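Student: Sequence:
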Amino acid sequence: MIGLYMVGFGAFAAATEFVYMPKVVRYMMLFDSYFGKGCFYIFWGFLMWGSRPVWIIAALVFIGVGICYIIGSCSVSSPPVYICGERPADA
Numbered sequence: 836m837i838g839l840y841m842v843g844f845g846a847f848a849a850a851t852e853f854v855y856m857p858k859v860v861r862y863m864m865l866f867d868s869y870f871g872k873g874c875f876y877i878f879w880g881f882l883m884w885g886s887r888p889v890w891i892i893a894a895l896v897f898i899g900v901g902i903c904y905i906i907g908s909c910s911v912s913s914p915p916v917y918i919c920g921e922r923p924a925d926a
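First residue of the sequence shown: 836, per the working numbering; consecutive thereafter.
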């Protein structure tokens, strides 16, 4: 069951990073901020935590990235940049 959650959240994270989806952002404004992305990555990191060392390392990396996003939310006022590039001007 956790494997399905990991695949689902992974697909959602990849989709929101590679493609700017204004309909998703409109309904879930939390994902359009550094704090929201940080919480999402921390949640995903705890979801990955397992008994194998590889999963523990991957989980710690995701938790670390999430903490960096949350710390970044304190020092940056602009919205986060997406891997696909800047958001459209009308967004």
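If you are wondering where the hints come from, they were derived from the structure by calculation, not from laboratory data.
Just so it is clear, the structure is predicted and the values come from calculations on it, not from any experiment.
Keep in mind that a hint or two might mislead.
Stated by the list, open to error - Simulated restraints, written as ranges between beta carbons of each label pair:
(1) SER912 - PHE853: 20 to 28 Å
(2) CYS909 - LEU839: 14 to 22 Å
(3) GLY885 - VAL911: 15 to 23 Å
(4) VAL896 - GLY843: 18 to 26 Å
(5) ALA849 - TRP890: 24 to 32 Å
Even glycine gets a Cβ: it sits at the ideal position worked out from N, Cα and C.
Student: Now, for every hint given, state plainly whether the structure supports it.
Tutor: Verification of the hints:
Evaluation of the 20 to 28 Å hint for SER912 and PHE853 yields a pass: the beta carbon distance comes to about 24 Å. For CYS909 and LEU839, the hinted distance range of 14 to 22 Å is not satisfied, since their beta carbons lie about 34 Å from each other. The hint said 15 to 23 Å for the Cβ distance between GLY885 and VAL911, and at roughly 33 Å that hint is violated. Distance hint check for VAL896 and GLY843: the Cβ-Cβ separation is about 20 Å, which falls inside the suggested range of 18 to 26 Å.
Between ALA849 and TRP890 the CB atoms are about 19 Å apart, so this pair departs from the stated range of 24 to 32 Å.
Of the numbered hints stated above, those contradicted by the structure are hints 2, 3 and 5, listed in ascending order.
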